[in-house]
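Asker: Please construct the entire structure, taking both the sequences and the accompanying hints into account.
Note that our numbering numbers the sequence shown so that position 80 is 80, with each residue one more than the last.
None of the hints are false.
35 Å max Cα-Cα, derived DSBU-like pairs, lysine-lysine:
{"no.": "1", "residue 1": "Lys112", "residue 2": "Lys264"}
{"no.": "2", "residue 1": "Lys165", "residue 2": "Lys112"}
{"no.": "3", "residue 1": "Lys156", "residue 2": "Lys112"}
{"no.": "4", "residue 1": "Lys264", "residue 2": "Lys8"}
{"no.": "5", "residue 1": "Lys264", "residue 2": "Lys156"}
In case anyone wonders, no lab produced these hints; they're calculated from the structure.
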Amino acid sequence: MTAIPRQKPVFRFAPSPNGPLHLGHALSAFLNRDMAASAGARFLLRIEDIDLTRCTPEFEAGIYADLEWLAIDWERPVRRQSEHFAEYQSALDRLVDLGLAYPAFMTRGEIKTRVAAAEANGTPWPRDPDGSPLYPPDDRQRADFDRRQLLASGVKHAWRLDMSKALEAVGEALFWEETGYGDRGTIAANPGAWGDVVLSRSDAPSSYHVSVVLDDALQGITHVVRGLDLFHSTSVHRLLQTLLGLPAPVYHHHRLITDEDGRKLSKSRSDTGLCELRDRGLSPADIRHLVGL
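Answerer: So, in structure tokens, the structure goes:
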């Protein structure tokens with residue numbers, strides 16, 4: 001009998017080009033590259049640029065320059081999310097056809113006002129694991145006729161997952177395999193804690209949740225190594241993978257690099273980028289030391 005060759009494991013590093021890479025990205029990139037090398041695996045780079053407003057070619061070029069400086073190599077070609085919006089739309093269309101997604105018309109301001117009014121009256125508003133208020137039920141409960149009229153009139157809207165219907169469609173408990181920092185082993189997923197998550201917005205053809213699970217499946221990713229801040233998001237990803245018939249990788253959520261106040265590093269706060277550290281004369285070995293490797 002001829003033995004069937006085992007598929008090589010596949011790891012990926014998937015930054016967004018919306019600012020310079022910082023030490024937190026360096027840790028993730030090093031871990032992905034090191035773990036892939038140890039496993040005899042393939043190592044891919046993916047550019048997650050669905051946010052066409054904040055992502056720029058200059059920041060993307062900076063990612064390549066920083067990784068090359070760190071002596072991190074990857075397979076070519078690089079997958080760029082902005083080149084695959086049609087694939088994400090097809091996934092969204094499937095969820096809509098299954099009756100598991102609905103158009104959501106409330107603006108951020110309207111949501112904020114609704115939450116503030118409820119809490120002013122002493123009613124705590126439910127929040128997701130990141131602390132953001134869950135989306136109000138108005139649009140989920142809206143009559144089909146009203147939805148069609150609003151859509152036909154061109155009102156800006158997002159598409160959200162009807163979490164209750166989605167969980168009912170799955171009809172079973174969801175889990176994932178975790179090998180990372182803190183909890184390990186088989187982890188019970190709790191997607192319901194996130195409420196009706198966004199699947200796409202008027203200003204972004206796909207959400208992170210949709211694009212990441214589809215990309216991981218299409219690229220054959222077997223091991224997802226990413227920051228601990230995305231640990232709870234894995235519950236949503238396991239739900240979408242199940243609904244769309246996609247395979248589940250093994251997950252490894254690593255510790256975060258924090259600033260002196262204990263906050264994780266962030267591009268939005270302009271935390272020190274790798275390019276600036278390089279300009280100060282630090283070496284790649286210095287960067288490995290700074291991130292605790």
